[in-house]
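Colleague: For this one, chain V is given, so just place chain A on it according to the hints.
Those protein sequences? They're chains V and A, same order as listed.
All residue numbers for the first sequence refer to this note's numbering, where the first residue is -10 and numbers rise by one.
All residue numbers for the second sequence refer to this note's numbering, where the first residue is -10 and numbers rise by one.
In short, the hints are calculated from the structure, not lab data.
Each hint can be trusted.
Copies of one chain are not kept apart here, so a pair can be met inside one copy or by any two copies together.
Heads up, simulated SDA-like pairs for lysine to any residue below, C-alpha to C-alpha not over 20 Å straight-line: (1) 62 x 40; (2) 62 x 37; (3) 69 x 121; (4) 130 x 50; (5) 147 x 42; (6) 69 x 89.
Number of protein chains: 2
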Amino acid sequence: FTEEPSDRAAKPDAFCSWILRAQPQGARKEGHSEFRLRVEGDPDNYQPGSTYRVTLYATNPAYFRGFTLIALKEGRNGEKEEDYAGTFQIIDEEDTQFMTNCPPAVTESTPRRRTRIQVFWTAPSSGIGCVLLKASIVQRKIISFQDEGSLTKRVCEKGKPFITKATDKP
Amino acid sequence: FTEEPSDRAAKPDAFCSWILRAQPQGARKEGHSEFRLRVEGDPDNYQPGSTYRVTLYATNPAYFRGFTLIALKEGRNGEKEEDYAGTFQIIDEEDTQFMTNCPPAVTESTPRRRTRIQVFWTAPSSGIGCVLLKASIVQRKIISFQDEGSLTKRVCEKGKPFITKATDKP
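The following block holds chain V by itself, in its conformation from the complex:
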């Protein structure tokens, strides 16, 4: 997992640099088979110009709040507009939208718990070759307050006897 996109990867002014920064350099985290990207019919090949339903889903009990979906020509890193292949179409605007700072990418309309999103993807015209559709999942991570620790402050009423708890540090 990456906590938040770091500023170390792509050049800050590259096209769609934000989502590229979300991709850790060389880090490979396995074990997330509870999230899957599926292209309708599970094709190895696409017909140029054809449209396919693309689904991103989480297997119960997993779920996600946000996501990013892109389609790149094989071997491209996404830093140029021409690296992107085909076009997405939004099915449900309440659920998905194009990313304002990266127009070829699809993202969530609002962060909320979801187990599935779908969009259409129309394949590029002939001559492009292989395409990689890629998704990122965004979840929330909560650091909870504790009865001790830096996220809790205990204050007692002035003038009342200050009863020290056994766990209090002197």
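Modeller: For chain A alone, coordinates are given in the frame of chain V:
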């Protein structure tokens, strides 16, 4: 860390049950001193009816996107309205608001990167005793797409030679 609030802790219909579920049962995670809750003047005692500036902040380079802030009478678990002590006042409505499903709690107005929030807290009237102000921090966790794995799908143009990459599974 908890990934997301689980449904195992507080009764689902308890007052403010959502944020109580965010508190892990008995789990104590240390090492998050980069996030701190501070009451103006760092008092051990409060004057009944007095108002204090309360700050939640992250030490650079840490930051947070969301938070929850509550004030509980000592020994109470927050499942009843009378467990809460004093009242918060919003300083900047662009930044903080009361939680719609838990009115004594303060939360973020919009999720965005922040390193500090401030609210006022007015202490309860005389006779309440000790109060615990508690904060939870919310961050994003991103599961990035990989060139292999369940969040990436490779599709090649039909009719083009299918060049198998060395890493492809048969």
